[in-house]
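Undergrad: Turn these sequences into a full structure, and let the hints guide you.
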Amino acid sequence: MKKHKRQNSFIALCVAPATLLFFIFMVYPTIDVFRMSFFERGAYSPTENYVGLQNFGVLIKDTRFIVACQNTIFLIVAVTIVTFALALFFAACLTREKVRGNSIFRVVFYIPNILSVVVISGVFSAIYDTKNGLLNSLLSIFSGKAVSVLWKSEELVVISIAIAMVWQAIGYYMVMYMASMSAVPESLYESAGLDGADKLTQFFNITLPLIWTNIRTTLTFFIISTINMAFLFVKAMTSGGPNGASEVVLSFMYGQKDAGLYGYSMAAGVVIFLFSFALSALVNKATEREVLQY
Amino acid sequence: MLKRILSLIISALLITGLFAGCGEKEQMDKKLKVAALSSGYEETMPGMWQEICDAFEKATGIKTELTLEKNLEDVIGASMQGGDYPDVVLLATGREAGLTEQLIKDKNLTELTDVLDMTIPGENVKVKDKLSGGFTESVATNPYGDGKTYLMPMFYSPCGLFYNKGLFKEKGWEVPETWDEMWALGEKAKAENIALFTYPTTGYFDSFFFSLMYAVGGPEFFDKVTNYEKGVWETEEGKTFIDIVTKLASYTNKKTPSQANDQDFSKNQLMVMQNEALFMPNGTWVVGEMADAVAADGFEWGMTALPAVAAGGDSYAYTWMEQIWVPKGAKNQKDAKTFISYMYSDEAAGIFAKRNAVQPIKDVSKLLSEDNKLFYSVYENGAKAAIGNFAAYKSVAGLGNPADYFFAPINSLVSGNITKEQYVNDIIKATDKMRENLINK
Amino acid sequence: MNSNKLFKTFVYICLLLLAISILVPVAWVFLASVKENKEFYGNPWSLPQGFYFKNFLDAWNKAGMGEYMLNSVIVTATALVLLLVIALPAAYCLARFNFRGRNILNTAFAAGLFINVNYIVVPIFLMLKDGDTFLKNLFGGGFLLNNLFVLALVYASTALPFTIYLLRSYFVSLPFEFEEAGYIDGASYFKTMVKIIFPMARPSIITVILFNFLSFWNEYIVSLTLLSAAGGSKTLPVGLINLMQGQQAKAQYGVMYAGLVLVMLPTLILYVAVQKKLTEGMTVGGVKG
Chain A
1 MKKHKRQNSF IALCVAPATL LFFIFMVYPT IDVFRMSFFE RGAYSPTENY
51 VGLQNFGVLI KDTRFIVACQ NTIFLIVAVT IVTFALALFF AACLTREKVR
101 GNSIFRVVFY IPNILSVVVI SGVFSAIYDT KNGLLNSLLS IFSGKAVSVL
151 WKSEELVVIS IAIAMVWQAI GYYMVMYMAS MSAVPESLYE SAGLDGADKL
201 TQFFNITLPL IWTNIRTTLT FFIISTINMA FLFVKAMTSG GPNGASEVVL
251 SFMYGQKDAG LYGYSMAAGV VIFLFSFALS ALVNKATERE VLQY
Chain B
1 MLKRILSLII SALLITGLFA GCGEKEQMDK KLKVAALSSG YEETMPGMWQ
51 EICDAFEKAT GIKTELTLEK NLEDVIGASM QGGDYPDVVL LATGREAGLT
101 EQLIKDKNLT ELTDVLDMTI PGENVKVKDK LSGGFTESVA TNPYGDGKTY
151 LMPMFYSPCG LFYNKGLFKE KGWEVPETWD EMWALGEKAK AENIALFTYP
201 TTGYFDSFFF SLMYAVGGPE FFDKVTNYEK GVWETEEGKT FIDIVTKLAS
251 YTNKKTPSQA NDQDFSKNQL MVMQNEALFM PNGTWVVGEM ADAVAADGFE
301 WGMTALPAVA AGGDSYAYTW MEQIWVPKGA KNQKDAKTFI SYMYSDEAAG
351 IFAKRNAVQP IKDVSKLLSE DNKLFYSVYE NGAKAAIGNF AAYKSVAGLG
401 NPADYFFAPI NSLVSGNITK EQYVNDIIKA TDKMRENLIN K
Chain C
1 MNSNKLFKTF VYICLLLLAI SILVPVAWVF LASVKENKEF YGNPWSLPQG
51 FYFKNFLDAW NKAGMGEYML NSVIVTATAL VLLLVIALPA AYCLARFNFR
101 GRNILNTAFA AGLFINVNYI VVPIFLMLKD GDTFLKNLFG GGFLLNNLFV
151 LALVYASTAL PFTIYLLRSY FVSLPFEFEE AGYIDGASYF KTMVKIIFPM
201 ARPSIITVIL FNFLSFWNEY IVSLTLLSAA GGSKTLPVGL INLMQGQQAK
251 AQYGVMYAGL VLVMLPTLIL YVAVQKKLTE GMTVGGVKG
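Chains as they are written, first to last, in the working numbering: chain A, 1 to 294; chain B, 1 to 441; chain C, 1 to 289.
The hints are simulated quantities; they were obtained by calculation from the structure and are not laboratory data.
There's no promise every hint is true.
BS3-like, lysine-lysine: derived pairs with alpha carbons at most 25 Å apart [as the list claims (entries may be wrong)]:
1. Lys61(A) <-> Lys433(B)
2. Lys165(B) <-> Lys129(C)
3. Lys131(A) <-> Lys165(B)
4. Lys5(C) <-> Lys98(A)
5. Lys70(B) <-> Lys354(B)
6. Lys145(A) <-> Lys254(B)
7. Lys199(A) <-> Lys5(C)
8. Lys38(C) <-> Lys54(C)
9. Lys61(A) <-> Lys429(B)
10. Lys128(B) <-> Lys328(B)
11. Lys328(B) <-> Lys63(B)
12. Lys394(B) <-> Lys129(C)
13. Lys136(C) <-> Lys331(B)
14. Lys224(B) <-> Lys254(B)
TA: Structure follows, in structure tokens:
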């Protein structure tokens, strides 16, 4: 009995601080996002007025928000597809092909992931510069004439951000898939090779199905992460410009907070919350396959 | 290792705690309590305000107690709520926290019209005779529009169109005095592969728009636009205004929008220095900002007021201005007014001018550096001072700042992604809502 | 056989292209950081004419990067210490003991993995702001916003789900014999946990430290929001944004790139030192948010 009591107080002491902080700084603010979206509060006075669904009503008609949604969806789709395709390709190359300098490539590809987004935005500012940028000067050298692509213009800015995001993410996912791919037994490939299956067939029939569980989990988290990363990149690279052309939902939300419209800002927050959960669930469902064992 | 880090952290926390404890000041009602925003002038060369207070004490015998903070609103806002008022406050309108606006709204300022008739300490001149013209006539100093002054003008900084003087000399071009001359110059420059216009970010259009409003239709048109009056864009003036803006957009360097963000804006400023564009709207700070940039040969900064709409019309240059005021709850109101009148003495203006903070007094240009002399002489060369801002409205969900509708779309006008009609229609739609939510209706 | 060779060449070209696209810009920034200002107006591929170290001195002193560096060190170290002190015992108990509410807590922390701190940064900011207003009325001064310690606390708290998830999955895998041996020797629960279990969890703890160090050190949205006072303390990434975005004198490209180098150098050094541990550890921590 005494031992039981001691054990209980030990557990309480261990678990309480984490639980408390988790509730104060994560659970409560999350609930507050949803609650505040039904209110409007003054920027300089903490009084709140209940406005019902009015914030949402305005939100769906706000052209800036609509552009932000389109950009967010575009970035999720484009960045996810390109990143996963490239990460899988490079991971397969490095594990399946006997590439010289294997570990050096792995070390280099991972570098962008350890850099702050602020640093990356500084690097890409040098790359995308119209006049003396690395990219334009490279294109000029290869095409033999002066190229001045406006990488941050209204037409190209979202694509430019997508490129930076892919650049940042490839290494991380590649290293992750390399780990799971190297766990696939070599014998499977050998017997497939004897049956005359070429590399592409091997990749789609052996590698992909066997690491599918891993791909599924990472995909779900990647989508949530992309919504967030898009915000970090936009805020540091373009501040949403020109004329709102590169705004994403989280940067829209943050901008409304800066304007003192907390309720409206949180209405956008609710939309992104629900959207990301729904999308994760959808992707999770759509990618459901029978789990294969080696 | 961990232990050492921990003890380091703890000692760091202790030290910051100790310093925080030193902030308390003794209460002495005898002293004149001066509270000033520690802005860029003070930051670059500290000691300006202390020097002013010392000189003031020498001139008048009145002792002062100085509060100097970057976040002045937080410091004095809290103490004023507790009933402890500073006697004199230097804090402009238009800041994010909007403390000055709040006091104006609540009618919590002491009237300062009588300061204009006071004699400046140590000099035989009245304040109103020393002040430059036009500075105590706008809503910036007379917030209620009743001819009574509640805020006195302080440091000002003219804005205009900046250009490369050297290039104009080299090509033999004249700085245009009307917009028609401007367009003619635009064609000439185009032939030389130089764009007529650029801008750092669309945010820099504020001073440009205000000046243009004055130039197009005088103070009446300015009031109509900044108060979002109905139908103003259907008037002749309204149409002229939009015509000029859209035409200017078509003469803008096509690279500008892709660099018109917080990170790349200096590349747009560089266009003027490297002869890729002729004019840009800016303020006097750009000279210091771009001091280390490499310019084209023979480059020399020039600044001009906005051209007039028709030959012989008025040209305007907008000016930023800070204000000094006395809260109603101040205990030493008489000394506070003496302090304000002292701000316009040659002695005080000299101390300010050392940090490039310029007072709106006559002959101030003789105190200034060469570059600044040129900029501040814009009013002596016939341009009128434009002062004012968009009227404040309640923040409403889905309705952004005036900048979102007036300035930001210029990026899209330049790249040709929206038409003039779309631009005007969006402005009309937005200003309808702004008008409904005006605070001082 | 020939097509095989062709494929291999193709693979090498792809690998090299990606490697170049990463290495060249990063190296370029390092070179740019020692260029003099006037060197930025010509060909971007020219090598620096000399070693212009003044950029770093200016970034460190004039642009305040030295002070920001100290702030970042304080915040990151405090947050890591807090996180470990709080998360380790919690993860241990959640993994090894059966108690009421355990399943609910496990589910709650797992759900926390889906909540990104940037989704909830506005309510956190408002909560602290309201707290400050409350304290102001009570004591005449608030200390929740613009406080490095509070920022560290928020970092640690929002990293809890990921950290607990990672540590718990390790603790679950341990056999119970270790603790039983400790109890038989008469050691208390606390002593057993600290002396026997934690040392065994060292690889996991190192993974936790590495990942959270990177995320705390590089974070800038929360820092930007919670350290909002105009002249107050800033962390390194926020200071860098200020350096890049016109708050300081502009067109000082050399100083800007020196600032960039100052921010990424510590992470690069750490990465070179521990890259093996980092990439091994991440297979466990595959759910980085």
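Undergrad: Confirm or reject each hint.
TA: We went through each hint and held it up to the structure:
no., hint, in the structure
1, Lys61(A) <-> Lys433(B), "14 Å, holds"
2, Lys165(B) <-> Lys129(C), "50 Å, violated"
3, Lys131(A) <-> Lys165(B), "24 Å, holds"
4, Lys5(C) <-> Lys98(A), "12 Å, holds"
5, Lys70(B) <-> Lys354(B), "20 Å, holds"
6, Lys145(A) <-> Lys254(B), "19 Å, holds"
7, Lys199(A) <-> Lys5(C), "13 Å, holds"
8, Lys38(C) <-> Lys54(C), "14 Å, holds"
9, Lys61(A) <-> Lys429(B), "13 Å, holds"
10, Lys128(B) <-> Lys328(B), "23 Å, holds"
11, Lys328(B) <-> Lys63(B), "21 Å, holds"
12, Lys394(B) <-> Lys129(C), "21 Å, holds"
13, Lys136(C) <-> Lys331(B), "24 Å, holds"
14, Lys224(B) <-> Lys254(B), "32 Å, violated"
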